Each structure stands twice: as structure tokens, then as C-alpha cells.
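2 protein chains.
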Amino acid sequence: MLRTHIFRRVTIVGVGFMGGSLGMALKKQGLAREVVGISLHQETLDRAIKAQAIDLGFTDVREGVANAELVVLATPVQTIIEYFSLINPHLRRGCLVTDMGSVKSEVVIKAESLLTAGFFIGSHPLTGSEKNGVEHAHADLFQNTRCIMTPTAKTNPVVKEKIKFLWTKLGMRVDFLSPDEHDKIFAQISHLPHLLAYALMESIPPESLRHALQGFKDLTRIASSSPSVWDDICLTNAQHILHALDGTVKQLAFLRKVIIQRDQKNLFQFFTRAKEKQDSLH
Amino acid sequence: MLRTHIFRRVTIVGVGFMGGSLGMALKKQGLAREVVGISLHQETLDRAIKAQAIDLGFTDVREGVANAELVVLATPVQTIIEYFSLINPHLRRGCLVTDMGSVKSEVVIKAESLLTAGFFIGSHPLTGSEKNGVEHAHADLFQNTRCIMTPTAKTNPVVKEKIKFLWTKLGMRVDFLSPDEHDKIFAQISHLPHLLAYALMESIPPESLRHALQGFKDLTRIASSSPSVWDDICLTNAQHILHALDGTVKQLAFLRKVIIQRDQKNLFQFFTRAKEKQDSLH
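Chain order of the listed sequences is A and B.
Per the working numbering: the first sequence = residues 925 to 1206.
Per the working numbering: the second sequence = residues 925 to 1206.
By construction, these hints were calculated from the structure, which means they are not laboratory data.
From a predicted model like this one, the values you see are computed outputs, not experimental measurements.
A hint or two may mislead.
Pairs count within a copy or across copies, as identical chains cannot be separated in the list.
List time: in silico EDC-like cross-link candidates among lysine to aspartate or glutamate, alpha-carbon distance up to 20 Å [to be verified]:
1) 1084 x 987
2) 1055 x 1200
3) 952 x 967
4) 1141 x 967
5) 1174 x 1187
6) 1174 x 1036
7) 1055 x 1203
8) 1181 x 1064
9) 1088 x 984
10) 1108 x 1131
11) 1141 x 1054
12) 1078 x 1036
13) 1201 x 1054
14) 974 x 1064
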């Protein structure tokens, strides 16, 4: 059993809702003596300092990662990948690196080739919000949630345990999946539902929306998520997303057919199967 | 302004969640001296009496509608239509008839040709639950909700006012739409979302569901609705539903194309438009 490891300096790249909440949580749980933020924009860093999410902020990557024992990448997925090359020359020896991205294969593959100076493992905390920005961040975001970690054959086992321990201390139950398993499953249960919500929203005439009921609002709530996060996810997990999308479109084509055929029996059976699966979720 | 009209006898056909809640609400608001239930099954009537949703129950239609001043049909849509012919010979002169169905054109057309003995107007209270059965019914279901009524050129204006008054007294804000307008709009904002939720649910492999997040559960919650209500809605509002479905599938095909093309700009713009519409719902 590892004893609580307190990081002297943790650097968070991207201090929006997720990164900001991480900073707050690390400080609240006493897991980091100092939390440093990196952002392209000084104004974002100023807001994160004001929100007490970070202690110090840098727009310069070299200064930002200097002496960090742990770097956590909390930006959209493509930006995470871009940062690997930017941080690598400046990482302290033995520095741990993880991320909070929603797509793992592309991130892990790039990390394992580009991050020659640090020890990487991929993470995906299963929490978030449609709200953006450090103003909505809070220290308890990770409490009673789950985190998927995606170790590979190349992952250092001590690093795996240390990062698992960190997430656990923040209140998350940690599960391990391979990067590809993760991406396949989350294409189905997260990425695809977002696409459906976006497509539904886009296809409804604005004049009909004033009659929208709570069920509609619940269903499309995730279409309020950050567009720049989701275009990124679509491009970095394209293959699994397209496969999942095709699966649902095939079911919709079947529904279309049986409605045209007025095939009440098949409709009833279809809805009954779906209802049984939905009921099993609880 | 009409004064509060207290019905001596209201008969509710179908005493499940919706019909049962109506019985409870009518009694709580003192709008009916006596509430009678009709069901095919004596056991359903017994449960409704035990739940205090109705005072008396009949499996016999003639006995059930005898002397009723108001008959409310609270069954799935196709069953509503079947009941028009069954109740018509037994209606008291001047009896008002309305329904609580989610589809209106087919109901209203059939009512206006078959209900020669009563005065009909279509209603759609915009409330409900994924829960079924009178055990989940409650008297306050209609409070602070909306009701769409669908008068036509044939609707008696006094009947329209009386039924509007009834729904208003139960706590609903009443809007009027033509039956076809209603069906077009609700195909888009209610029927289509249900089909998407059912199709999504059906397309996800069971082994992926254990990772389902709250967003997924919210989005598919409506797939837990009663299959027999929804096959009915699909068949009675087929044309508008297919049109709405085709609109969303077209948007999904567009998303598919831009993902394959790695067209980040178009993805971002698509998601941004959808987000703006979703944000405008609140």
C-alpha cells in the first residue's frame, strides 16, 4: 500500500472547468503543495488564480512545467497531443504526466512516442459539466465519480499506482481499460449520444422549440457542451464514433421501415427490448 | 367568465397513470362529485379504487358512461379511437368528451365522424412519466404544466371553454393548436426524441452499458416509456414522425461526412449552432 504522496508541484495545462476543478481538489485534499497553471492566455490564468484554482500561472511552457513532479493535461484532446512536444524538453527527470481527455488511443500512442522525458499514463475522469470555465469549477467535482485509466504494456507500474492513488484520493473509483476498449465503449455511450443530441437539436425548427418539454430538454442538454471539445473528440475518435453512429442509424432505418409497414408487433418488440435495457441501467 | 362547473359524474376510460391521476385531481379540486372508471380488466379497476383514483369501476362500457356529463379517454391513441364507437350509443345527451392522447389529427377526425351523440374536443396534457400504472398516479400531476387543446371549425365554442376551464382548474396553462400543427410539432419535439432514445438504447452492446454515465441515462430515460403507448403513437402520427426522423438522419449523415473529411470547421459550426439553440431553451 502506498502512503499518501504529496506532490511538491503539480502543473495543470488548461485551467478551465476541468483543470480548474482539479487544482481546487488537489489543494483541498492536501495532495499538492503548489499548483501551477499553464494557459495561452494570461487572462485565463488570472481568472484561475482569482478562483483559487492555481497558485501561479504561466503562459510560457518552460517556466510552467519547470520543477513539476506531475503534469496534468486538461485541454481538448488535440491540444493535449500538441502539448506533448512542447512540454517534453522542459520536464524534470522522473516527472509523471497524465491527462483528462475523453479519447485515449490517439493520446496514449502520441504520448508514448513523444514524451521521452516523462512517465505517462492516460486518464479519463468521468465527470464534467455543460458549463465551461474556471468560474464553474469546484473542488468536489471528482467526489463519488469514476475514472478510467488506460495503462499499456509500456506503462511503468509504479506510475500507474501513484496516479491511481491520486484519483482515488480525489474521490474517484478507478477502472482500467485498454485505450482502444475505452475509445470503443465511450464512442457508444458518450460520443454517439452527443452527436444524436446535436443532430436532433439542429433538425428541429426554432418555432417548434417553444413547446419543448422537460424530456426534450433532458435529452438535448448535452448539446450544450463545448463545441471545441466535441469537434476534437469526433476527429480523434473518428473510427469508433462512425461505427457506433452507423449502428444507431441502422436501427433508425429499421424503425422507419416498420412504421411504414404499420408493423405494430415489431415496433412493440423493439421498444420493449430498449425499455428493458434502459430499466437495467438503474 | 364561466363559474366553476362541478360535474356530477365524470367517466375516465383507462385508469392507469394518466387516467388515475386525473381522477385524483378532479376529486382533490372538487370538480367532480363522482368519478367512474372504465377498464377491460376488473383488477385494474380494483387497483384504481384502492388508490382512490375513482369511486366506481365498470368493465361494461354502457354502465360506465351512463349518466356521465363528461367522458375523458385516457388510453393509448388507437384505443381512444376504438372507444368512440363503443361509447357513442350510450352517451347521455349533451355529454362532453375529451381525451388525453399524444396524437391529435387521427383522434379528432375519428371523433368528429363517430361521436354523433357527444360534444368532442381534443386535449393533450403535456405531462406524464416513464412510470406506468395507477400506483404511481398523483393528484398534482397537472399542476404547473401545459395542455394543448385542438379545436376545429366543428368544435362547439361553449364546450371548448368548459374543457379549457377544467384543465385550467387542474393547474394547466392551455394553448390551442390545430390538430395537424400539434402533430407536426410533437413529432419533432417528443415523438422523434423517443425514437432516437429507443434506437440508441437498442444499438449499444449490453456490455458497454455498465460504463454508462449520467448524461447517457438522462438521454435514454424516455426509452423507458411504455412500449404500447409508443407503438401506437408511431402508427397514428406516422407521416409527421417519418418526416422529422428523416430530418435528423440527414443531419447525422452530414456529421458523418464532415467527420470522414476531418472538417473541423464545419463540425465546430454545427455544434455551435446546436448549442445556441439548446441554450435558448432555458
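- Query: Which of the numbered hints are not met once you compare them with the structure shown?
  - Reply: 1, 3, 4, 6, 8 and 9
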